[in-house]
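Trainee: For this one, chain W is given, so just place chain C on it according to the hints.
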Amino acid sequence: MKDQLTRRRMIQGASVLGATALAAPAIIGRARAESRSLNVWSYDGFITDAFREAFSDQTGIDVNVRLVSDQAEQFNLMAAEKGDFSADIVCVAGHRFYQFIDADFLEPIDMGQLDNWSLVQTEFAKAEWVSRRDRVWGVPVVVVSTGLIYNTEVLDRPTSLSAMFDEANTGTTSYQIQDFFPLVMNYLGYDGTGSSYAGNTDIAQRAVDATRDFLIEHKNKVRRYYDAATEVQQMMLTGDVALAAGSSGPAAQLILEGFPVGFTIPREGGLAYAYGFNIARNAKNMENAYAFLNALLSSPENGAAMVRSTGFNSAMKGVEELLTDAERKVLSLSDEERSHLTWVDVETAAFIFDLVDKAAEEIRAA
Amino acid sequence: MTRLLVSARQFGPYRSAVDTLARLPALRFALIAAIPIGWIAVANLAPLAQMVAISFQDRYPLPPGEPTLWTLNHYAAFFETPHYLAAFIRSFAFATLATLLTLVVMFPIAYYLSKVAPRDRRIRLLLLVIAPFWISEIVRSFAWILMLANRGAVNSALGLLGIPGAPLDLLYNNVSLTIGVLYLTSLYMLLPLYAALEKIDGSLLEAAAGLGASPLKRLWRIVLPLSRDGIVGGCTLVFLLVIGLYAMPQLLGGPDDTLFAATIGYVFSRAGDSWPLGSAFSMILIGVALAYVGLFAVLFRSRKPARPT
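Order-wise, the sequence lines are chains W and C. Read in order, the letters of the first sequence correspond to residues 1 to 366 in my numbering. Read in order, the letters of the second sequence correspond to residues 1001 to 1309 in my numbering.
Chain W with its partners taken away, still in its complex shape (with noise of 0.2 Å):
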């Protein structure tokens, strides 16, 4: 009985399979390391799936993008893997910018393998959201400003962050809480950035109650709170929000489809920061990383696709020459309202969100 099942035999199969399912991981995270691929954690529409596919017929890499909401879920997929991280780009944004670096998560560029560094632009190169103890830690790609976005078929443009809690918009209005905080501490006459209650915690956290109270006061005056900047651009043209808190990007996509929105920033202030491809710590494609940020800066062009897909401004030169005027329109802010707009404070942002976040949470249960 040339082919009967043995014991033996039995246990020799059950060994290989075991041995195979064992080494399993181990082969196929060679295999993945090795691979002609490229993982990017993402914001939507900053990579352009034009970029993506040229981008692979030059190279053979294959990117994969996962889309991302909000810089603290990145934050918590990147815990938990423990160093090991699945991504080999991520996108922070500049006020969550040391929160990664002081995690570990992130890995310093190796300025010798970026070919044209030269194409961002000056002040943006060398902010202090890009380095940190004198090293660069990713590419800037986007620059954000935040303020109010309304319907202009139902208001006139609202010069104050007052319009927010105006009895007349019970029910109308939509914020992301944690972007929308800092202006409201700035309204209230608190200091939204956190700069002057550094090392002081006991301050910056009555600043924070005291922002969140009267949040939660005016909490009839909030149709939803929002996460994703999708969603409000649904609200907008569903007709369920006429006056929003958001940043630049879906208002001047709005603008620029047609519909009635209008964008600015209240005298009170609002808020600038950046957004970067950053490479992760010890990435398995590490090659291919600087690859991609070479391609990405290999061009203008690129910048400008980015800008139309997201509405944000872009931190690369010459990109502004490439715009349409109606696109030059939309994305430009008046004097004025430039002189509102304020820079997050790296050093302070991780301090005053992380009591900020914990307030976010107490405003959406009360």
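Simulated from the structure, these hints should not be mistaken for laboratory data. Among these hints, one or two may not hold up.
Pairs of lysine to aspartate or glutamate, EDC-like flavour, derived with a Cα cap of 16 Å [what the hints assert, rightly or not]:
(1) Lys82(W) / Glu1066(C)
(2) Lys1199(C) / Asp1229(C)
(3) Lys1115(C) / Asp1201(C)
(4) Lys82(W) / Asp102(W)
(5) Lys219(W) / Asp1256(C)
(6) Lys219(W) / Asp166(W)
(7) Lys82(W) / Asp1273(C)
Distance ranges between label pairs, derived from CB positions [what the hints assert, rightly or not]:
(8) Ala1131(C) / Asp227(W): 29 to 39 Å
(9) Val1139(C) / Asn200(W): 44 to 54 Å
(10) Leu1062(C) / Asn200(W): 25 to 35 Å
(11) Ala1086(C) / Leu237(W): 29 to 39 Å
(12) Ala228(W) / Ile1032(C): 42 to 52 Å
(13) Thr152(W) / Ala1131(C): 38 to 48 Å
(14) Asp1256(C) / Arg66(W): 29 to 39 Å
(15) Arg66(W) / Leu1146(C): 19 to 29 Å
(16) Ile1035(C) / Asp227(W): 31 to 41 Å
Every residue, glycine too, gets a C-beta built ideally from N, C-alpha and C.
Mentor: Leaving out everything else, chain C in the frame of chain W:
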């Protein structure tokens, strides 16, 4: 099949394995139970056990080299913050109300399907009711958004009809959330009810009617007592589903409708070491929800008929 089994007995290892199993019923039971028990242990209990452990840790994930410190602070935070307690109570009140509403709406439908509809059409009608559940919860939520938005189908129809006050605020409040939840949970109520009602002997109802019992009396004295197991089962399923709802309240609810499950989600998604707090909140929710449902089951379980003395 028999021939295959007979041929299989030619092989020594198979024969001895079968003989051993035939001799030892405990081993037989252990082998059969191993797969489901293993699955429950790995897929359900292991993550819960890990979450219990995390809920007592001072920080998680821990930076490399730092020792684990154990604490009850995260459980205390729940009782110290009134806003969390408010969302918790709101969740239980909403889940109870949604469960009762689902029962009231689905009972007549289950009764119709099991007792009134012609027997040859029951499966087709049941499939008709089940059909929307082949689509995901998210897609169905977006369908409701399109229906209930200010420029949605319902408000457009109200506008065309000249209803004063249109558009009405139908979306992002407890009206839209209740409609969405009712739609989501109806199947979980329907199936246990249908199974219980179908078992009721039709001759009991006929006899009661023959003896002059009104329809209401037949419902109260025969149908409801005999379908109690289905009611308890359906209510338990729906309640536990609603108390843990996350996506639908996010999509259809308003600022005053945040349920505790969403609060837990926000805690977990906070950048930093907030996992212990989220885990502690999860344990509190699971513990209290199970106790609540357990109490309900004890109060409403079928009572065995008393033995004749």
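Trainee: Determine for every hint whether it applies to the structure shown.
Mentor: Hints and how they fare:
This hinted pair checks out: Lys82(W) and Glu1066(C) have alpha carbons roughly 14 Å apart, not beyond 16 Å. Proposed proximity of Lys1199(C) and Asp1229(C) is supported: the alpha carbons are some 11 Å apart, at most 16 Å. Between Lys1115(C) and Asp1201(C), the direct Cα distance comes to roughly 10 Å. Compliance with the 16 Å bound is thereby established for this hinted pair. Restraint check for Lys82(W) and Asp102(W): satisfied, since their Cα atoms lie roughly 14 Å apart, inside the 16 Å limit.
Only pairs whose Cα atoms come within 16 Å are accepted, and Lys219(W) paired with Asp1256(C) is accepted, the gap being roughly 8 Å. Our distance criterion of 16 Å between C-alpha atoms is met by Lys219(W) and Asp166(W), whose separation comes to about 11 Å. For the proposed pair Lys82(W) and Asp1273(C), the alpha carbon gap of about 13 Å is at most 16 Å, so the pair holds. Between Ala1131(C) and Asp227(W) the beta carbons are some 31 Å apart, a value that agrees with the proposed interval 29 to 39 Å.
For the hinted restraint 44 to 54 Å between Val1139(C) and Asn200(W), the CB-CB distance of approximately 49 Å keeps it satisfied. In this structure the hint that Leu1062(C) and Asn200(W) lie 25 to 35 Å apart at CB holds, the actual value being about 28 Å. Here the CB-CB span from Ala1086(C) to Leu237(W) is close to 32 Å, well matched to the stated 29 to 39 Å. Between Ala228(W) and Ile1032(C) the CB atoms are about 47 Å apart, so this pair conforms to the stated range of 42 to 52 Å.
Checked against the given bound of 38 to 48 Å, the beta carbons of Thr152(W) and Ala1131(C), roughly 43 Å apart, stay inside it. At about 33 Å, the CB distance of Asp1256(C) to Arg66(W) agrees with the hint of 29 to 39 Å. Hint check: Arg66(W) to Leu1146(C), Cβ distance near 27 Å, so the stated range 19 to 29 Å holds. One distance hint, 31 to 41 Å for the beta-carbon pair Ile1035(C) and Asp227(W), holds here, with the actual separation near 40 Å.
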